[in-house]
Structure formats: structure tokens, C-alpha cells
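Trainee: Note that the protein sequences, when read in sequence, are chains A and B. With the working numbering applied, the first sequence corresponds to residues 10 to 341, in that order. With the working numbering applied, the second sequence corresponds to residues 10 to 341, in that order.
The set of hints was computed from the structure by calculation and includes no laboratory data. Just to be clear, a hint being listed does not mean it is correct.
Each pair may be met inside one copy or between any two copies, as identical chains are not told apart.
[Claimed, not checked] In silico lysine to any residue, SDA-like type, Cα no more than 25 Å apart, as pairs:
id, residue 1, residue 2
1, K76, G142
2, K76, G141
3, K76, R152
4, K326, T200
5, K76, H149
6, K326, S156
7, K76, I148
8, K76, T145
9, K76, S144
10, K76, D37
11, K76, R321
12, K76, T146
13, K76, Y147
Fair warning: this is a prediction, and the values are worked out from it, not measured in the lab.
There are 2 protein chains.
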Amino acid sequence: MRQAGRYMSDYRQLRKRYSLLDICRQPDLAVAVTLQPVDVIEVDAAILFSDLLIPFTPLGLDFDFIKGEGPSIDRPIRSVEDVQRLRQFEPREALGHVLETIRILRQELRDSVPLIGFGGAPFTLAAYAIEGGPSTTYIHTKRFMYSQPQAWHRLCARLADMIADYMTAQVEAGAQAIQIFDSWAGALGRTDYREFVLPHTRSIFDRLLATGVPLIHFGVGAAAILEDLVAAGGDVIGVDWRQPLDEAWARIGDRSIQGNLDPALLLGPVDRLFSSTDDLLARAGRRPGHIFNLGHGILPPTPLENVQELARYVHNKTQSSILRTQNPETAR
Amino acid sequence: MRQAGRYMSDYRQLRKRYSLLDICRQPDLAVAVTLQPVDVIEVDAAILFSDLLIPFTPLGLDFDFIKGEGPSIDRPIRSVEDVQRLRQFEPREALGHVLETIRILRQELRDSVPLIGFGGAPFTLAAYAIEGGPSTTYIHTKRFMYSQPQAWHRLCARLADMIADYMTAQVEAGAQAIQIFDSWAGALGRTDYREFVLPHTRSIFDRLLATGVPLIHFGVGAAAILEDLVAAGGDVIGVDWRQPLDEAWARIGDRSIQGNLDPALLLGPVDRLFSSTDDLLARAGRRPGHIFNLGHGILPPTPLENVQELARYVHNKTQSSILRTQNPETAR
Numbered sequence: 010m011r012q013a014g015r016y017m018s019d020y021r022q023l024r025k026r027y028s029l030l031d032i033c034r035q036p037d038l039a040v041a042v043t044l045q046p047v048d049v050i051e052v053d054a055a056i057l058f059s060d061l062l063i064p065f066t067p068l069g070l071d072f073d074f075i076k077g078e079g080p081s082i083d084r085p086i087r088s089v090e091d092v093q094r095l096r097q098f099e100p101r102e103a104l105g106h107v108l109e110t111i112r113i114l115r116q117e118l119r120d121s122v123p124l125i126g127f128g129g130a131p132f133t134l135a136a137y138a139i140e141g142g143p144s145t146t147y148i149h150t151k152r153f154m155y156s157q158p159q160a161w162h163r164l165c166a167r168l169a170d171m172i173a174d175y176m177t178a179q180v181e182a183g184a185q186a187i188q189i190f191d192s193w194a195g196a197l198g199r200t201d202y203r204e205f206v207l208p209h210t211r212s213i214f215d216r217l218l219a220t221g222v223p224l225i226h227f228g229v230g231a232a233a234i235l236e237d238l239v240a241a242g243g244d245v246i247g248v249d250w251r252q253p254l255d256e257a258w259a260r261i262g263d264r265s266i267q268g269n270l271d272p273a274l275l276l277g278p279v280d281r282l283f284s285s286t287d288d289l290l291a292r293a294g295r296r297p298g299h300i301f302n303l304g305h306g307i308l309p310p311t312p313l314e315n316v317q318e319l320a321r322y323v324h325n326k327t328q329s330s331i332l333r334t335q336n337p338e339t340a341r
Numbered sequence: 010m011r012q013a014g015r016y017m018s019d020y021r022q023l024r025k026r027y028s029l030l031d032i033c034r035q036p037d038l039a040v041a042v043t044l045q046p047v048d049v050i051e052v053d054a055a056i057l058f059s060d061l062l063i064p065f066t067p068l069g070l071d072f073d074f075i076k077g078e079g080p081s082i083d084r085p086i087r088s089v090e091d092v093q094r095l096r097q098f099e100p101r102e103a104l105g106h107v108l109e110t111i112r113i114l115r116q117e118l119r120d121s122v123p124l125i126g127f128g129g130a131p132f133t134l135a136a137y138a139i140e141g142g143p144s145t146t147y148i149h150t151k152r153f154m155y156s157q158p159q160a161w162h163r164l165c166a167r168l169a170d171m172i173a174d175y176m177t178a179q180v181e182a183g184a185q186a187i188q189i190f191d192s193w194a195g196a197l198g199r200t201d202y203r204e205f206v207l208p209h210t211r212s213i214f215d216r217l218l219a220t221g222v223p224l225i226h227f228g229v230g231a232a233a234i235l236e237d238l239v240a241a242g243g244d245v246i247g248v249d250w251r252q253p254l255d256e257a258w259a260r261i262g263d264r265s266i267q268g269n270l271d272p273a274l275l276l277g278p279v280d281r282l283f284s285s286t287d288d289l290l291a292r293a294g295r296r297p298g299h300i301f302n303l304g305h306g307i308l309p310p311t312p313l314e315n316v317q318e319l320a321r322y323v324h325n326k327t328q329s330s331i332l333r334t335q336n337p338e339t340a341r
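Hey, can you work out the whole structure from these sequences and the hints?
Mentor: And the structure:
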């Protein structure tokens, strides 16, 4: 997750000339940034470089990224009228630049590593749209949810439709797996998640079944509602580092699991990084269906060498031949 | 929790003339603010008005509160030398103003409601000291913990000794219960909590047993490590709203539980507030040992009337006569 980004000097160089939105919107730049980690780290998949909020522009929610603060939405949603003014759009037209990025990436990657596309889950997108930016308390979001439940459900249904369309278009363009991020679902108690969120997230996963690609469902700080994330959908459940992997997997049941090393371990000494990785791999126990990953995105001050060493270490420990090879024909 | 604060107009009035630190440091002001909610809300306990960071000043960690940002520490801890320069102090002298506040409060409250004192747990205090203020990623804290484990343990041991002394002094001054806040413990995975935090938090609870007062241990977003918080200590475990109360209680076992209504419910309509309260009380099932509370502090935009109505509603539903009365003698 967030395998391309500020921790890479090539990315920081590019950001001197282009904004984050420029990079997301210009296929040649998005392709270059997506490929940066694939070229220098032994990753087993490429992850489309984009942002959860990219579809906000065609929805009619203008925003920008403020340095050091994150996204800022010009007119946050606060009323049913705000929900009604959201625009319908055809992702194949309005987000054609993302789909073009995916098409180019598939050509560039050939069959070396698969390409993962992604989008936001309804709660996380609704919370951004209502708060107008990042939050730690979700005051506006929860007040909206409790005070205007009909408008809330209308908003989430609209976002779910939009994301299902957009993800379908990503797969048509060449994405070989889809990850749905519910980064903020951990702000909710279970009762609220079940009432206000689960049906909308489930509708996305139900519609994406038709794409035939593996679907990953990821939440942060969601240990209290893990079974509910599973109920909402996903072939693979992504978990953060707060819960040991084996216990999370026992709760998830018969699905695959992705995770769950604390990305902060990449900031410290490699002996600690490796011993924690050993513990994680022991908990996975070579059971098929574990996708080794961090429990959240790579942190900006992370040394690139540590990420490279981690990828090598995991491949050596698991003796998994990575998918990419000089000769893709023989690897498949 | 945080029952006095910005949501009360009397408090906001006082804050026009005095800083948060002024109020914490001047017993007459701290007494007045502590009593504001006791006077207007049917609460069953008074909570000392103070701040987790008050003992930082005598430790040698100067700080101030920056409007809209929270605390800011002048010279955050980043090395073993920074840990070594922490000063020893006698709370009965250096924090005499807090103890004086407690003594006055006991006189003012008589036996109407008990007074709860509080302090921070080692992880939360260490994270403040290392980050220098609030954080969402705890990058500096975790890097310190992983890179300099000996300095980390020395820091936490020092903080644990200090808090145990300070809390003992609060009880001597009249505090009738103590709550230890580990507000940020939820940032850690279980393995890290057990290795880096649990022994230090446990040493506080072990030492506070001698005080004879009830001890409350509260963590936020800590559903993944709940059993470990229990193992660290506390007669009462405080839980946030993310996990249903009955399930959290089953994990906690034979201890009391405090919680766990989402404070955001106080921002919405009262019918939703009351139905969620009904659900919570049903999960508590009138089992002795449930302390009804919010799952975290009251949010600043909360209408006072909603807090008043909630307290009345809970008392009516549980038919508990509140402890305070015109005639304290007959109430006991």
C-alpha cells in the first residue's frame, strides 16, 4: 500500500514540478510513478498510482491537496440538497485519464507483475465529502449520519454506485485485482457500521463479482468490526498491525488475508524489522491465501533501502519465486 | 470523561480571561471548572479538571497549548540524553497546586459525589514527550522504541514511577478513585504493547493497590489489545464505543467496565441518543459493575442540554438514585 510516494527520491523530484493532482491526472506521469517502486523493489504487484478522491471532481466536489494538511474540499456536503447536487457521470469518459493510465501500465508491465486498481468505500468517501478533509473525530460525518439518515443513505448509495461503475471500468481497462479502501471505518462502532455502512459496501462487492478479478477489502483500526467487514465482502481482507495475523485470520474465516506489518518498523533497525517479519510469517504458517503486506501505507520518512531489504527478506524466507521474470511465458 | 470543557458556556467565558494552563495551575479556577458540570448535569462523580501533561513541567519538559493544535513541547525527547535530563521531583511540592485543588474540591463536594483524580499511562505520556505534540502516526515514538529500546524502557520506567507517586499524592489529598488514561495505546500492535508498554503500566497499578481506591484503566481504539490492558491492571476497564459493551465485558472478565456510548451521539437528535443508550444498557443487563459513561471525551460542539438529558435518561432508565442528595448522611 502506498508503495509509490514521498519516501522515494524519484517521486520527490517529480513533485517539485508537478502537483499530486497533476500526477494523478496525467497518464504519462501516473504511469511513471506507478512503475518507480516496481523497478527498484521486489514487489509482487504494481499498484495504480492515484487517489481515493479522484472521482470527486466529476461528482461535482471540487478539491485540492493542501501541503501538510491533505485534501480540502471546496464545498463539503452538509445537507440533502448537497447530496442531490452530486452529478452522475460515466467513468469511461470523466475518468478516462485513469483508465488510460491502466491501459499503458498493462502494456509496460506485460506479464511481469499484476496491476491492482483501487477505490474508496462509501463510508470513507462520505466522511471526506462531509468533513471536507481529514478528521480525527468525524463530528460532521456522524452528526449527518444520525440527524439525516435518509440523506446519508442516499449519499452512500450514490457513492457505492459510482465506485462500482468506476472499478468495473478499471477492470475493463486492465486492472487485475481491485482493492476497496475503507480507511476510516474504524471510527464506527459495530451497530453503526451495520446500519449505516455495511449495505452500501456490500452492494459494491456484489456488483464487482461480475468482473471476475480478486477483490480486496481493507479497513484501518477496524479490529472491533472485522467480522462485519468480512460480511460486507471481499475475497481478501486487509488488516492493519493492531491484531496478530493468526487471530485476525481466525476471525475472518475462509478468505484470504493481506497484511499486516506495522509500517513504522521500516523506520527502525533492520534486526527488529526482520524479527517482527519472522513473527508475522510464523503466524501465517505458510497457509495458502496470505498476502504479505504492511498494515497501512509506507510512511514518508521511510528509507527506501529498508523497503528493498524487507521485500528481499520475505521472498527469501518464504522461498517464493516472485512472479516477474526475464521470461514471463515460463513463469506462468 | 472531559465532562468540563469547551462545550460549556461558563467554561468558554472563563477561557476568555485565562489559558488552559492558568486554569490547571490555579486551584480556585480548577475548582470552579471541576464543579461546573457537577452543578448542572446529574453526574455521579466529579472529575478533577487538569491535563495529562501537567507533570511535564516539573519533569523538565516545558510545553504550552497552541490554539487549535493541542500541546506543543519545547524540546521533545529524542535521545537517551534527553531521557537522562528528566528531573526527579516530589509531587507534594512541585504539583502542590493540583493537590490543593483536590483538597478544596473534597471540602466543596462534601459527600455529594466522589472525586476522581487521573494521570497518563507511560505510553501516552512517552508518545507526547517524543512526538512533541499530538500525532496520528507516532513515527518518532515508534522509531525511538524500536531503535533505542533501552532508552525507551528507561523513559517509561521513569514516567511510571512519577505517575505512581503523583497518583498516590492525589489519593492522599482526597481523590476517591484514580483513572489512568492510555489514550494512544491503540496505536500499538499486541506484541509491541506487551514488550514495550505492559510492564510499565502494570508497575503503576501494582503500586497504586496500596492506596485502596478503585483504579480505572482506559484506552482508546484498543479493541485489539483489550486483554493486555486488563493484564496491565485496573479494577475498572474503560472502553470506547467501537466494540459492543457486552462483548468487551466478556473479554475483560471479572472486572468492572466503564463506557461506552459514542460521544458523537450527543451531537445528533435525542431519539437516536436514547435508542443507542437503550441498546447499551440492555447489553450491560443490569449486571453490577457497569459504570455508564461515554466512550471518550465530550466533543466541543456538544449541546449542554443533550448531556443533561442523557444523564437524566440514564438515571431514569436504571432507576438508580444518584449518590448526591440534600442529606448526604442518609444517602450513604
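Trainee: Does each hint fit the structure? Answer for all of them.
Mentor: Verification of the supplied hints:
1. With identical chains, the CA atoms of K76 and G142 are at most 25 Å apart both within one copy (12 Å) and between copies (19 Å).
2. In this homomeric assembly, K76 and G141 come within 25 Å of each other (Cα to Cα) both inside a single copy, at 15 Å, and across copies, at 21 Å.
3. Proximity of K76 to R152 under the C-alpha cut-off of 25 Å is restricted to the inter-copy arrangement: shortest distance 24 Å between copies versus 28 Å within a copy.
4. With identical chains, the CA atoms of K326 and T200 are at most 25 Å apart between copies only, with a shortest distance of 21 Å across copies and 41 Å within one.
5. Proximity of K76 to H149 under the C-alpha cut-off of 25 Å is found in both arrangements, the shortest distances being 23 Å within a copy and 20 Å between copies.
6. For the identical chains of this complex, K326 and S156 are inter-copy neighbours only, at 23 Å across copies versus 52 Å inside a copy, given an alpha-carbon limit of 25 Å.
7. Taking the shortest alpha-carbon separations for K76 and I148, both the intra-copy value of 23 Å and the inter-copy value of 19 Å come in at or below 25 Å.
8. Taking the shortest Cα distances, K76 and T145 sit within 25 Å of each other both inside one copy (18 Å) and across copies (16 Å).
9. Within a single copy, K76 and S144 get their C-alpha atoms as close as 16 Å, and across copies as close as 17 Å, so both meet the 25 Å cut-off.
10. Within a single copy, K76 and D37 get their C-alpha atoms as close as 23 Å, which meets the 25 Å cut-off; across copies the closest is 43 Å, which misses it.
11. When the C-alpha separation of K76 and R321 is checked against a cutoff of 25 Å, the pair qualifies neither within a copy, at 33 Å, nor between copies, at 46 Å.
12. In the homo-oligomer, the alpha carbons of K76 and T146 lie at most 25 Å apart both inside one protomer (21 Å) and across protomers (17 Å), since each shortest distance falls under that limit.
13. Proximity of K76 to Y147 under the C-alpha cut-off of 25 Å is found in both arrangements, the shortest distances being 21 Å within a copy and 20 Å between copies.
Checked against the numbered hints above, the structure violates only hint 11.
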